[in-house]
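Undergrad: One-letter residues, chain by chain:
Protein chains: 2
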Amino acid sequence: MAVYTKVSAEEIGRFLTRFDVGTLVSAKGIAEGVENSNYLLETTQDRFILTLYEKRVDPVDLPFFIAMLDHLAAQGCLVPPMIADRDGEKVQKLCGRSACLIKFLPGVSVSHPTTAQARATGHALGDMHKALADFRPERRNILDHDGWRSLAEQCGPAQLDQIAPGLAEAIVRELDHLDQYWPNALPRSAIHADLFPDNVLMLGDRVTGLIDFYFSCTDIRAYDLAVTHAAWCFSDDGTDFHDAVSRALIAGYVSAFALSDAERQALPLLARGAALRFLLTRAYDWINTPADALVTRKDPQAFLERLQYYQTHPDIFKP
Amino acid sequence: MAVYTKVSAEEIGRFLTRFDVGTLVSAKGIAEGVENSNYLLETTQDRFILTLYEKRVDPVDLPFFIAMLDHLAAQGCLVPPMIADRDGEKVQKLCGRSACLIKFLPGVSVSHPTTAQARATGHALGDMHKALADFRPERRNILDHDGWRSLAEQCGPAQLDQIAPGLAEAIVRELDHLDQYWPNALPRSAIHADLFPDNVLMLGDRVTGLIDFYFSCTDIRAYDLAVTHAAWCFSDDGTDFHDAVSRALIAGYVSAFALSDAERQALPLLARGAALRFLLTRAYDWINTPADALVTRKDPQAFLERLQYYQTHPDIFKP
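Here the protein sequences come in this chain order: A and B.
Numbered according to my numbering, the first sequence terminates at residue 358, and the numbering increases by one at each position without gaps.
Numbered according to my numbering, the second sequence terminates at residue 358, and the numbering increases by one at each position without gaps.
Just so you know, the hints here were simulated from the structure itself, not pulled from any lab data.
Mixed in with the good hints, there may be bad ones.
Because identical chains share one entry, a pair is satisfied inside a single copy or across any pair of copies.
With a cut-off of at most 30 Å between alpha-carbon atoms, the simulated DSS-like pairs for lysine-lysine come out as follows [said to hold, decoys possible]:
(1) Lys129 to Lys357
(2) Lys67 to Lys337
(3) Lys129 to Lys67
(4) Lys357 to Lys67
(5) Lys337 to Lys142
(6) Lys169 to Lys337
(7) Lys132 to Lys357
(8) Lys129 to Lys337
(9) Lys132 to Lys169
(10) Lys94 to Lys357
(11) Lys357 to Lys45
(12) Lys132 to Lys142
(13) Lys357 to Lys142
(14) Lys45 to Lys169
(15) Lys94 to Lys132
(16) Lys94 to Lys129
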């Protein structure tokens, strides 16, 4: 959540000459998204986001993200596609990094979603899944169920237990349970995989954009709904479950795209998986990030709370 | 250069209801200015900067800054005044901090000023001084000549010598010289006192805004030109002096506001003072900021280079 690479106004001005987008009027470094450097640009024609990809996004993955965004935009989904330069290129080089000029979308990210906002988000997620039904490119989810045990081992049991006593063993028990019952046979699709409120732009109760597709990948489609559920339906610290928000999110999804009985039945397990995925990555970052680093560490405890809630309340997904 | 206080979109939306500025359409935390938290807002009517004042700006000083900006804006200078709410208030409270809604100005900050850009900036600075001739409020410059010796003592000689061998003694010698010759009799005025290229918005060769008035104060007027000179007329690391930029800056200033003979003759000394002021504050920050802190440390060496250049080249200010 910082600007890692400083790009001068002169460099941005020259960069824009590759495109038919007018000339630079304003450029502000913005604190947004995963670990990329982002600038909000205004030109004589329009506004744009300029993103320079830092270490967390592998340039090899950019064609998949671009294809997915193009596909979604072509189907009328409100996503921010990359802008092509005069030669049709969408991936540029700037200050030694891969860089894209991206459509700016209006809207703000809510911090305390209402039921109406959760319903609209569920609907937008369902619309996205509908639009992706005929999208063929694939990208492996490097944070999928198969990788969680190794991620837990990389954290180390002693370090996990420092986050919460008994955490290492609780994670192993959960991994055993998920390995036994993980619904691998469910339909797979391209998914967003990180649809936190930060990544949904809204005006009032209306979704104006789904953004930050840099974790998007191919995985169990209903897992995307489970991730969104874990991200939207609890207080920040995970200690309060918001039942009305949960029901609205799922009702919104179903109003756009059908959930099969098998998917609906798997939601409790998928939600446990989603909570564990964010518990593990946050624990890993917590253990490996100095407390005073530029990147804000997010407390893993908030997703341990969610995991425990999902373990003990499978009925919350019943219609 | 980061967002220190996270304000939710809901809070910003409520905050804006105090004003007649439309409703929120977009809010992006921006990495800009001194240690405040800044958001670039778009509403249904216009764009604004929302600033929350962190520790470096004392709320007691806000009325002076506001009066100075209002005065300059009323005289047609391109500065960003604070917006009054429906009750006429310009200083608000938000998230426990003093906060102001501020006019957004177009333009970008250049990193490698051309002579034309330096000329335009000198002219804008002269215009500003002209407009301030009848501005009466005063604010002491807490970083003025009188405070430099104490600042050097707070750094400590051993720590200064770690930055550059012999630096402590060189600073004492310079302080002795400045104490003997400092031109206290020169005209005083409200000044910007920090007009680095970062704080000048431009479109091409045209100045579209002078911003970031949070060091503005009452001091020797020509000292403001000296600060601007030290900020604009060298390579970033201070090792290259740009003579054409220097001449253009001063010529631009003089085209808007007269320099007396006494002011012109004092410029070499004022520039040494300006270089020392930034050398000392950067040295202080360097010594007191951990290398991996959120705030980027700026290298004091770049202003030691400038100081040495000014010491050995007094003739650069001759017409």
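Undergrad: Tell me the hint numbers this structure goes against, listed in increasing order.
TA: 1, 4, 6, 7, 8, 9, 10, 11, 13 and 14
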